[in-house]
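Undergrad: Chain residues, written in single-letter form:
There are 2 protein chains.
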Amino acid sequence: MSKPPIPRKAVYRLSLYHRGLQRLRANRVATVSSAALAKAAGVKPTQLRKDLSFLGQFGTRGLGYSVEALAARLTEVLGTTRLQPVILVGAGNLGAALLGYAGGFAREGFEITAAFDLEAGRRRVGDAKMPVHPISGASEFIRAHAIKLAILSVPAAAAQEVTNLLVGAGVQAILNFAPCVLQVPPHVVVNTVDLAMELENLSYFIR
Amino acid sequence: MSKPPIPRKAVYRLSLYHRGLQRLRANRVATVSSAALAKAAGVKPTQLRKDLSFLGQFGTRGLGYSVEALAARLTEVLGTTRLQPVILVGAGNLGAALLGYAGGFAREGFEITAAFDLEAGRRRVGDAKMPVHPISGASEFIRAHAIKLAILSVPAAAAQEVTNLLVGAGVQAILNFAPCVLQVPPHVVVNTVDLAMELENLSYFIR
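Note that the protein sequences, when read in sequence, are chains F and P. Under our numbering, the first sequence has 82 at position 49, and the numbering climbs by one with no breaks. Under our numbering, the second sequence has 195 at position 162, and the numbering climbs by one with no breaks.
The shape of chain F in the complex, shown without the other chains (with noise of 0.2 Å):
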């Protein structure tokens, strides 16, 4: 792939074109303009337009787009095509819960394949009853099942030491609950989500 990559927040936004079509597709509409697929994503028609122009032509002047192919391009692009096994490392109160909602992942295209802690064989949790395996396995699992992408939900004190225990083993996408910025290589990529800082930032517009 020589193609230049795709700027980070342009793929976000991709990923919502993409949910704004399927609930277009689940209610048999069949194409849609710029400005009304722009409104569902809450962009201006013109960033839409310089977004797809990323994934090549698309689009007839006046008709607007395919709801279906313009679907399926996503889909491929982001690669969602098929279903992308994920481990998720850290199994307490917060792992715990990710791992209850596991349904909601699997329907987007990701599944949980493994569950790994730092206090060996913690518990099985979830909803699946999922069992929890040891750390130590960790790098062992990612390397015979060709994992890049894991969850971190290890407490802050211990993301880093775990991070690089995954990166060493071949993890190239973390999504990390920690609440913590994680040192990695450059080819790897973190998205950080931090549950309790969002309320924090909106608690702070709420006087």
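Read the hints as simulated data drawn from the structure, not as lab findings. It is possible that part of the hints are untrue.
A pair counts as met if it fits within one copy or between any two copies, since identical chains are not told apart.
Here are the simulated SDA-like pairs of lysine to any residue, each with C-alpha atoms no more than 25 Å apart in a straight line [claimed, not checked]: (1) Lys-42 to Gln-80; (2) Lys-181 to Ser-99; (3) Lys-42 to Lys-77; (4) Lys-42 to Glu-152; (5) Lys-77 to Val-217; (6) Lys-181 to Gln-193; (7) Lys-83 to Leu-151; (8) Lys-181 to Gly-97; (9) Lys-72 to Asn-197; (10) Lys-42 to Val-76; (11) Lys-42 to Lys-72; (12) Lys-72 to Val-222; (13) Lys-77 to Gly-125; (14) Lys-42 to Ala-147; (15) Lys-77 to Arg-41; (16) Lys-42 to Gln-216.
Place chain P on chain F using the hints.
TA: Okay, now just chain P, sitting in the frame of chain F:
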């Protein structure tokens, strides 16, 4: 309050500094340089100094910041001095998972005081087996307890309608987990956390 509000992104960074300071305090560190605090938050020192200028005068040239004083000032500015009441609306899989993490929110200053769902008398959920009330009682509860902050974890199809109800009753800030863009009046702030979209975004970068 006549001071202009701090920009949205700066408020996020203040939360990052707040975290860093809490860790330093736990390690009994009394003062910190702007360079060290900036590194812990993953920002440039010039950015940190600019952000902290929103708080007024802080730090002594050559000595750095007092960890205790700066942390206290940030707690005050971020409005997390007292326990902030929050309601959760939508007690399906994700909502139940979030209620299971209620202890984590409480540690950060947010208390989930009630849970509501579209299906009346749904069930009790979470570790604390919190009762889930029918949504019809939400407006009265919000008014009676002057609730300003809500966590929204209903399906996308119901999210806008529920948002209108919450805002009508006095909610000013929403942490939205529904995968959609909510329309709200200017005095209401929405932060959206879309877990599947975060994974989809990472997925793009691992090919």
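Undergrad: Hints first: check each against the structure and report whether it holds.
TA: Cross-check of the supplied hints:
no.: 1; hint: Lys-42 to Gln-80; in the structure: both (11 Å within a copy, 21 Å between copies)
no.: 2; hint: Lys-181 to Ser-99; in the structure: neither (32 Å within a copy, 41 Å between copies)
no.: 3; hint: Lys-42 to Lys-77; in the structure: both (14 Å within a copy, 21 Å between copies)
no.: 4; hint: Lys-42 to Glu-152; in the structure: neither (37 Å within a copy, 36 Å between copies)
no.: 5; hint: Lys-77 to Val-217; in the structure: between (34 Å within a copy, 17 Å between copies)
no.: 6; hint: Lys-181 to Gln-193; in the structure: within (17 Å within a copy, 35 Å between copies)
no.: 7; hint: Lys-83 to Leu-151; in the structure: neither (45 Å within a copy, 39 Å between copies)
no.: 8; hint: Lys-181 to Gly-97; in the structure: neither (36 Å within a copy, 41 Å between copies)
no.: 9; hint: Lys-72 to Asn-197; in the structure: between (41 Å within a copy, 18 Å between copies)
no.: 10; hint: Lys-42 to Val-76; in the structure: both (12 Å within a copy, 18 Å between copies)
no.: 11; hint: Lys-42 to Lys-72; in the structure: both (17 Å within a copy, 23 Å between copies)
no.: 12; hint: Lys-72 to Val-222; in the structure: between (29 Å within a copy, 18 Å between copies)
no.: 13; hint: Lys-77 to Gly-125; in the structure: neither (41 Å within a copy, 33 Å between copies)
no.: 14; hint: Lys-42 to Ala-147; in the structure: neither (29 Å within a copy, 35 Å between copies)
no.: 15; hint: Lys-77 to Arg-41; in the structure: both (18 Å within a copy, 20 Å between copies)
no.: 16; hint: Lys-42 to Gln-216; in the structure: both (20 Å within a copy, 21 Å between copies)
Violated hints, listed in ascending order, are 2, 4, 7, 8, 13 and 14; each of the other numbered hints is respected by the structure.
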